[in-house]
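Using the sequences provided together with the hints, build the complete structure.
These are the residues of each chain, in order.
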Amino acid sequence: ELKVEQNPLFLSMQEGKNYTIYCNYSTTSDRLYWYRQDPGKSLESLFVLLSNGAVKQEGRLMASLDTKARLSTLHITAAVHDLSATYFCAVDISSGTYKYIFGTGTRLKVLA
Amino acid sequence: GAVVSQHPSRVICKSGTSVKIECRSLDFQATTMFWYRQFPKKSLMLMATSNEGSKATYEQGVEKDKFLINHASLTLSTLTVTSAHPEDSSFYICSARAPRRDWAKNIQYFGAGTRLSVL
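First to last, the protein sequences are chains X and S.
Oh and the first sequence: position 41 is 77 in the working numbering, straight run, nothing missing.
Oh and the second sequence: position 96 is 671 in the working numbering, straight run, nothing missing.
No wet-lab data here; the hints were simulated from the structure.
Each hint should be verified, as a subset may be incorrect.
[To be verified] Looking from chain S toward chain X, a few residues come up when the C-beta cut is under 7 angstroms (computed):
hint	residue
1	Gly628
2	Asn681
3	Phe685
All C-beta atoms, glycine included, are put in the ideal place defined by N, C-alpha and C.
Written as structure tokens, this is what we have:
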């Protein structure tokens, strides 16, 4: 069974601190996506990672992909309260179906 | 570009009634759309893949007769929750596969979601 697991599931951190969210998946894939979801809202695209070694950065967030380890990371630098949200990774399982399998999600709370 | 509109954003209905949710790609043609369900504080669960002009492909455990999907045009897919019951209450999100120019990236564009409450 394909699994996409995120760690941690919950994260409470102080403003100004750094932290990393991990996304592990159990099947071969070279495309992975990160999304943000605010309470009661739909998904906002953050990063599209399309190959092994891909690294993308936007503001205080940086995402990377290691397809050999089946691992993606989302690193938060100097967190601010506005980053409080739930973050999901999604894996493209390919096989011609174009489907994504979403990770378990990480609920981030940044304390002022 | 690549905007997906989902309607309604919220619906409250009585048990036993049917509810239709629409998902439209506004500025591109979407041959493939997806329907997800999300329970509170949980992840998104793929319900089905909707392909224009053909029957939807449902994920294991999803009742085809309960969740009717129709993708009659290149810009519209609908999800009808038939004979809704309180356990069908959830947040339903649609997405559309990116326009042809972005097919290699396999990007999905997401609608705003529909919150269904069945009384």
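Any of the earlier hints contradicted here, and which numbers? Violated hint (a single one): 1; every other hint is consistent with the structure.
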